[in-house]
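K.L.:
Here are the chains, one letter per residue:
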Amino acid sequence: MDKSFPTKRLQMTLAELRRASERTLIVRLKFADGETFMYRPGQFVGLEAPDGRPRYFSVANAIPVGNELELHVNRAPAGAFTGALFAEAQVGDQLWVEGPFGEFRIPPEAPNEIILVAGGTGFAPLRACLEQLAADEKARPGAGRRIHLYWGARSLADLYDIASILALSKQLPGLRFVPVLGQGHPNISARTGLVHRAIIEDFADLSNHDIFACGPPAVIEALANDCASERGFNASRLTADIFVTGPVCEAITPPTEGAAIELHLKETGGPREIRGVEGEALVFALKRANVALLAVCGGKGACGTCRIHIAPAWRSLLPKPAKREARLLQHTGADEGDRLACQIRLSAGLGGLELQTCAENKGDAQ
Amino acid sequence: MTTTTQEKSPLEKVGEAYSTDKMFKARHLTREAINEISARVKPGMVEEDAVEMAQDVLAERGMVQGWHDVYVRFGANTIKTFGQASDPGVVLGEDDIFLIDIGPVFEKWEGDGGDTFVTGASPEKARCATDARKLFHIVRKKWESEKMTGRALYEFAAAQARAMGWELNLDLSGHRISEFPHEAHYAGPMAEVDFTPSAGPLWVLEIHIRHPTQRFGAFFEDMLLDDSYFPGFTA
Chain A
2 MDKSFPTKRL QMTLAELRRA SERTLIVRLK FADGETFMYR PGQFVGLEAP DGRPRYFSVA
62 NAIPVGNELE LHVNRAPAGA FTGALFAEAQ VGDQLWVEGP FGEFRIPPEA PNEIILVAGG
122 TGFAPLRACL EQLAADEKAR PGAGRRIHLY WGARSLADLY DIASILALSK QLPGLRFVPV
182 LGQGHPNISA RTGLVHRAII EDFADLSNHD IFACGPPAVI EALANDCASE RGFNASRLTA
242 DIFVTGPVCE AITPPTEGAA IELHLKETGG PREIRGVEGE ALVFALKRAN VALLAVCGGK
302 GACGTCRIHI APAWRSLLPK PAKREARLLQ HTGADEGDRL ACQIRLSAGL GGLELQTCAE
362 NKGDAQ
Chain B
12 MTTTTQEKSP LEKVGEAYST DKMFKARHLT REAINEISAR VKPGMVEEDA VEMAQDVLAE
72 RGMVQGWHDV YVRFGANTIK TFGQASDPGV VLGEDDIFLI DIGPVFEKWE GDGGDTFVTG
132 ASPEKARCAT DARKLFHIVR KKWESEKMTG RALYEFAAAQ ARAMGWELNL DLSGHRISEF
192 PHEAHYAGPM AEVDFTPSAG PLWVLEIHIR HPTQRFGAFF EDMLLDDSYF PGFTA
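So the sequences go chain by chain: A and B. Note that my numbering numbers the first sequence so that position 202 is 203, with each residue one more than the last. Note that my numbering numbers the second sequence so that position 71 is 82, with each residue one more than the last.
Here chain B stands alone, though its shape is the one from the complex (with noise of 0.2 Å):
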């Protein structure tokens, strides 16, 4: 784990709870039971389904128990907002977009993560998907090479996804992720605070782009780590 000599905000406490490599734990889960979720999603599937196989898949692995609800969503629905309800039994098309959101607790340590994924050919739909990944490490990198504050980070994502052509969903942004749960220290946004986030297991980054005007958009969330967590990321 990266250390870091500034002084830690009170909004990154933990609790005796903590623990980096449970932390670790729960994020190689997590992101495991994506990739699960999305090799069983399938088009002619509705989202509803989707959701219950996607409950299923994180309690086989022992994370019945979730600090938020579990996302996937199909087609118009990528555009909604986290929390939002997605309009009901949407199927998934043959050249389609779907994406993942779960933030699972692993016995007392928290995950959080998501990914969007394409069924067909769409290059406007692959772009998006593509783009999510590729400004989150955009973003990422930019924490790790200028020490943003948290506001300042999600200001810049803002006109990065501009450049790239696509809108930055600004109703959400990145949090902090402890021992279950994270709201004993701080329930609030990345982007309202005006520290740079420490290093370690503290923090999850989130993107959710969309298109300007289509009816589709993409998300990825991971946790806020430098390059050495990202072994496949190349710059």
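Okay, chain A solo, but in the shape it has when bound (with noise of 0.2 Å):
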């Protein structure tokens, strides 16, 4: 297992704000010197928007130079903190940012041949990465990996940051970049169309292949289902982070206080350690940690979508269900032991609780 960083709630300032295009803003937050923000490429961290909840943001850059995060926000059509970000932020603001969060990355070990996709402000956490790789690559010279970069956006004004692959192409010999616009560009001979049909168009045979990639639901999906069924791609090889929008999302941050509570969960690919905190609800702990959980109500007990098994010892330390969590056990089919993970609040009590998921909860998390 690699290493995690312990997740910090830290007040930073907004060192820079750019608008690198129409619904792209680019912003550094500084942390104070002498401060110190541990994260691995590819995670992400939450801003604490002005009514409470956290926003959730990948950070850009693979080290914080100048004791800087870059992030890339893209503009909610109808976000209330996404606006103000956008229309009344002030370099000197001073934000709550919490993290780091998030399981995913590129590992060292991943494949010499990878393919990217990124689509919209996906490409923040895969730059992330990216700029990793070319460390990597300085450290190691003639490594020689090779790098398919599918980039997705609306319009060619929407790859907002082509500047940086520039740069690492420079540092990454194998990098291939391919732009794929939603809208054709009369000076522009890039493709157009969904960013996966250019994979598909691309590639005979995908099953020898990992895909790493960050963007809307919609955009993974698509790219998971049809690669599969037209390419024979294996979709246990796909890594996600998947830019969730509503409240499952909104509601992920961990509570600022409360003790590491850790857990152990088993799943199809073998047992895992996952680190909850006193006080949160545990399915937001196994979303954090992207277990593949659908919870589609947002952990309002709701939808039983969330439901997990739990091990025989470990049962009678739960409070039993309320009504509402009962009925939906039983309407879903529930074994005995089977819990809803938005219901169970974790506790002291709980350190080293063990469950495992049920498969027919499963979600789109890698």
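Errors might be hidden in some of the hints.
Stated by the list, open to error - Estimated spans, in silico, between C-beta atoms of each pair: (1) Arg51/B with Asp203/A: 54 to 64 Å; (2) Ser208/A with Glu43/B: 26 to 36 Å; (3) Arg226/B with Asp94/A: 39 to 49 Å; (4) Val57/B with Ser208/A: 16 to 26 Å; (5) Arg51/B with Gly334/A: 45 to 55 Å.
Unchecked claim - Derived lysine to any residue pairs resembling SDA-like cross-links, with alpha carbons at most 20 Å apart: (6) Lys324/A with Tyr29/B; (7) Lys321/A with Val75/B; (8) Lys267/A with Ala290/A.
Stated by the list, open to error - Which residues of chain A face chain B? A few of them, derived with a C-beta cut under 10 Å, are: (9) Thr193; (10) Ile275; (11) Gly299; (12) Arg325.
Honestly, the hints are just simulated from the structure, not real lab data. By construction, the Cβ of each residue, glycine as well, lies at the ideal position given by its N, Cα and C atoms.
Reconstruct the complex from the two isolated chains, following the hints.
P.N.:
Structural data, given as structure tokens:
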């Protein structure tokens, strides 16, 4: 298991706000001298909005040069927080930032030829990973990794950080960049259409490829399904950072105070350790660790799709299901020992909790 | 079901279990449940009790599962956006307003609907509830007649709401529905799609308006369908 960094909550200063396109704002946040903020390329942080709810953004730089994190903010059409960032935020403003979160990464042991897919600001975590790969290449020249980077965007203007790709190309000779635009451009001969279709056009066989993808659920879903059905892609070789919106996304930040609660999770791929925080609902710790759970209703106890199976020794330590949970468990054909992860609040007594996912509740996470 | 000749976006995909008939059945059961819940809500009730009652009404109809939570909001809580926690302990007044927003799953198919009701004679509150329904149909007619994109529809809806004296809550908008769960196809808002949503039970349209200065609002939601599915509606 690779190193994980402690989650912190820090007050950071807006050091730069740059409109990179009509829809994209590049934000640089500086943390104080003497402060440290450790994360792994591919991880994300939460920015606390005035309404108290966090909004999540991937870090776009591999190393916080000058104590600065770079975030790429896509303007939500009606998003109060992103709208305020575009319209009102000023350099020097203070923001509470929490993180790092997320399991997305391109591991050093990844195959020599990999495919990266970005949808919109899904480019941000991939850029951080590419910067890391470039640093690795510099440290161990000659690795010559072949990287196919596909970036899907609505228009040419939405490919807002081409300069970084050009710079990375010089450090990564094996980097091949394929922009894919939703709308054609009269002066550019870029590919058009859906980004994953370009991959299907370029690769006759994807059965032996690893794909790393970041972007909206529809992009990832189409990529996984169509590449599997048309090119023999093995979906277990997709590592995805799905830019989820909605209640789950808004709630996955753990409480700022509370002891760490270690959880032992059994999955198809083998056991792993997950860290929750005292006081939060179990579902949010699992979602933060990209455990494959749907949790469609956002942890409200309405949908029954965060059902997990508790090991026998731990069942009596949990409060009995309330009326609504009991009704849902019965309705969804739960087995003895099944519970809804959204209804289990982590407490000190649950340290070491052993659980496993239920196959029928698996979601989009990798 | 109305057919469409435009090439469908991948965001309009449906799964193998999708069934037009079942989607309409889910719609029918959803509207019935909304009416039953509204009939059981009485002044003096605490909002939390109304939510539990609504859950019971849905369970009685076999819709234990919901793709989103059950919302019954009283008074000032009617300005809260989707997913936001209500202020606790709000009691419905004699001259008050309340809204219902449910997303039940009927067997494998998603319903989704909402409506707003008043308990007294406040003309402003009554107008708010009526205007939410009215605006729903104005926007729906615009979609039907001009084939606007999702994004354009909500820009239009916001302007219309302003003209009617309300503020449209743009933190929520219409969205996909399908066999459960629709988020396998597209979990995002209709207000972000740059194509015309197709006819048929694939999308819902949501309208949430708020009074510009007072603390109440109204909500209406139903499937995005043509006039033939709204027999009582007159333009």
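K.L.:
Now look at each hint and say whether the structure bears it out.
P.N.:
These are the hints, each one checked on the structure:
1. Restraint check, Arg51/B to Asp203/A: a C-beta distance of roughly 59 Å satisfies the suggested window 54 to 64 Å.
2. As the Cβ distance of Ser208/A to Glu43/B is approximately 50 Å, the hint placing it in 26 to 36 Å is violated.
3. A hinted range of 39 to 49 Å for the beta carbons of Arg226/B and Asp94/A is inconsistent with their spacing of about 29 Å.
4. About 59 Å separates the C-beta atoms of Val57/B and Ser208/A, a value inconsistent with the hinted range of 16 to 26 Å.
5. Against the hinted window of 45 to 55 Å, the Cβ-Cβ separation of Arg51/B and Gly334/A comes to about 29 Å, which falls outside the hint.
6. At most 20 Å may separate the alpha-carbon atoms for a hinted pair to count; Lys324/A and Tyr29/B exceed this at roughly 30 Å.
7. Distance hint between Lys321/A and Val75/B is fulfilled; the C-alpha atoms sit about 19 Å from each other, no more than 20 Å.
8. Only pairs whose Cα atoms come within 20 Å are accepted, and Lys267/A paired with Ala290/A is accepted, the gap being roughly 13 Å.
9. Nearest Cβ of chain B to the Cβ of Thr193/A: about 14 Å, over the 10 Å cut. The hint is violated.
10. With its C-beta approaching chain B no nearer than about 23 Å, Ile275/A sits outside the 10 Å limit, and its interface hint is violated.
11. Annotation: Gly299/A was flagged as interfacial toward chain B, and the flag holds, the nearest CB pair being 6 Å apart, inside 10 Å.
12. At its closest, the beta carbon of Arg325/A sits 6 Å from a beta carbon of chain B; the interface hint therefore holds under the 10 Å criterion.
Of the numbered hints stated above, those contradicted by the structure are hints 2, 3, 4, 5, 6, 9 and 10, listed in ascending order.
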